[in-house]
Every structure is written in C-alpha cells, then in structure tokens.
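Assemble the whole structure, with the sequences as input and the hints as a guide.
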Amino acid sequence: MTQWALVALIVAGTVAGDTLQSLEMKRHGEIHFRAGGLGRIVATLAMKKYLILAIVCMAISFFAFMTLVAQADLSFAVPATAASFVFDTVLARYLLRERVDAKRWLGAALVAGGVALLAL
Amino acid sequence: MGTDERLLWKTRFFLALVIVSQPLGNLFLTMGMKHRVLGSPWDYLEAIFTPYVALGIVLLIVWLLSRMALLSWADLSYVLPLTAIGYIITAIIGSVVLKERISVARWSGTLLIVAGTALVGLTESRTSTEAESYAGEGS
Numbered sequence: 045m046t047q048w049a050l051v052a053l054i055v056a057g058t059v060a061g062d063t064l065q066s067l068e069m070k071r072h073g074e075i076h077f078r079a080g081g082l083g084r085i086v087a088t089l090a091m092k093k094y095l096i097l098a099i100v101c102m103a104i105s106f107f108a109f110m111t112l113v114a115q116a117d118l119s120f121a122v123p124a125t126a127a128s129f130v131f132d133t134v135l136a137r138y139l140l141r142e143r144v145d146a147k148r149w150l151g152a153a154l155v156a157g158g159v160a161l162l163a164l
Numbered sequence: 503m504g505t506d507e508r509l510l511w512k513t514r515f516f517l518a519l520v521i522v523s524q525p526l527g528n529l530f531l532t533m534g535m536k537h538r539v540l541g542s543p544w545d546y547l548e549a550i551f552t553p554y555v556a557l558g559i560v561l562l563i564v565w566l567l568s569r570m571a572l573l574s575w576a577d578l579s580y581v582l583p584l585t586a587i588g589y590i591i592t593a594i595i596g597s598v599v600l601k602e603r604i605s606v607a608r609w610s611g612t613l614l615i616v617a618g619t620a621l622v623g624l625t626e627s628r629t630s631t632e633a634e635s636y637a638g639e640g641s
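If you read the sequences in order, they're chains A and B.
Sequential numbering of the first sequence, starting at 45, is according to the numbering used here.
Sequential numbering of the second sequence, starting at 503, is according to the numbering used here.
Derived by calculation from the structure, the hints in this document are not laboratory data.
Mixed in with the good hints, there may be bad ones.
[What the hints assert, rightly or not] Simulated restraints, written as ranges between beta carbons of each label pair:
| # | chain 1 | residue 1 | chain 2 | residue 2 | range |
| --- | --- | --- | --- | --- | --- |
| 1 | A | L139 | B | T505 | 26 to 32 Å |
| 2 | B | F515 | A | K93 | 26 to 32 Å |
| 3 | A | L139 | B | L540 | 18 to 24 Å |
| 4 | A | Y138 | B | G541 | 38 to 44 Å |
| 5 | B | E507 | A | T88 | 23 to 29 Å |
| 6 | B | I604 | A | A146 | 28 to 34 Å |
| 7 | B | L547 | A | A146 | 25 to 31 Å |
| 8 | A | A49 | B | E507 | 46 to 52 Å |
By construction, the Cβ of each residue, glycine as well, lies at the ideal position given by its N, Cα and C atoms.
See the structure below:
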C-alpha cells in the first residue's frame, strides 16, 4: 500500500474512533476518581457499544500506523495523520453539535494547508 | 482548593500526560517497527512483543486512557488543539533521535499544523451548546 493510502486509512479510523468515543464519554458524564471506583468505571464503560466500536476503529488506525512507520519517517507519519483534525472538527460541529466558531474553522483550514505541504 | 480550581489542575495534569505520552510512544513504536517486513498478521503479532514496540504501545495506552478521562469533562474540539504541541515534540524527536531529514516543506507543514491548532487553544473547555457554563481553562 502506498504511504498516502495508509494515511487515509489511519485518518478514517481516527476520525470515526474520536467521534464515537467523545459521543459515548459525554453520555457517561464527567469521570470522578476515588478509591475502589476505577474497576466500576471500567466495567460500566465496557458495556457501551459506541465505545467498543470506537476501539475497533482505533485498532484499525493503529495497525495502519504501525505499517506506515515501518516504511516512512515518523516526522512525515505524525503530521500527515493530522488531517484527522479537519474531519474531527466537521464531525464535532455536525454530529456532536459542539459550537465551532470562526477561529476553530480557520485552525482546521491551516491544518489542512499544513498537511498539503507535506505532500511536496 | 475550590471545585473550579481542582478541575483546572485535574485538566492541566491530564493534558500534560496526553501531550507527552504520545510523541514518546510513537518514538519507541517507530524504533521497533523500522524496516520490519509485514507480510501477514503474524508479523504484526511478533512485532508487538518486541521490547521497543511493546514500550511504545504501553505509552500509547497511557495516552489513550488519559485522553479518554479528559474527554469525559472537556470537549473533543478543546482537547485536540492543545495536543498540537506533540507535533513539534515529534518533529524534534524525528530529527534528533531518529536522524530523519526534515525538508523545509515538511517543517513548514508541521508548523502550519501547530499554528492551526494553537489558534484555537485558549478557548473554554466546555463548548457544547446544551452544556451550562462550566469552569475550565482561562475562567
């Protein structure tokens, strides 16, 4: 597989994983840490299907990343996969219904430009 | 220590953990994976149990868990921008430790990505439209 095809696979897995994870964790509510509570948190989270799906997406993304760093520079692999930030922002706005202001959109645009520069 | 201040320190602690654990995890993962031949799923399994790859994975698990915890009280669109510092750390690690040759275009691209994410770095940690006003960074 070419390096950019691997990047695309990593980005797709990351974006799907991030969005599903944020969706589920927010439904769960803020985590409070206290003695003995960690086991219960893990047990509760294991029941959430979005979270399990998120982990599958992240696993796909991870194995693709392992493949990429075996053949490409780390200083290429990491920024190239930052393209996920652009798609994450779009999904944060339209799926998670977070407020995304002009500053955040401009940020996403700069990231897109940065990733494009890596292709040179 | 008030509730707001406690949340602020909790946020800072997890943010630091999220920022540092990823570049270090990626470094060890790359050191272990470099030039490895990956023909079958078995090759991946074998790679996972080599010391560098294993250490990289442990650090990335730390990253994943601290990020999950952070996401339970802060928005994804707040967490993602601040982890941008990791891109600079990664570029420096690539150049210094892994001896990668980083072209002008690659540095520019990396810095543009950091600039893009830093631009949105000083916003509140709660931005959901349905959420009440909530104590976070900068309040």
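Going down the list of hints, with the structure as the test:
Between L139 of chain A and T505 of chain B, the C-beta spacing of about 30 Å keeps the proposed range 26 to 32 Å intact. Restraint check, F515 of chain B to K93 of chain A: a C-beta distance of roughly 30 Å satisfies the suggested window 26 to 32 Å. Separation of L139 of chain A from L540 of chain B is about 33 Å and departs from the stated range, judged on CB atoms against 18 to 24 Å. Range check, Y138 of chain A to G541 of chain B: about 40 Å between beta-carbon atoms, so the 38 to 44 Å window is met.
As the Cβ distance of E507 of chain B to T88 of chain A is approximately 28 Å, the hint placing it in 23 to 29 Å holds. At roughly 31 Å, the beta carbons of I604 of chain B and A146 of chain A sit within the given window of 28 to 34 Å. One distance hint, 25 to 31 Å for the beta-carbon pair L547 of chain B and A146 of chain A, is violated here, with the actual separation near 47 Å. About 48 Å separates the C-beta atoms of A49 of chain A and E507 of chain B, a value consistent with the hinted range of 46 to 52 Å.
Checked against the numbered hints above, the structure violates hints 3 and 7; every other hint is satisfied.
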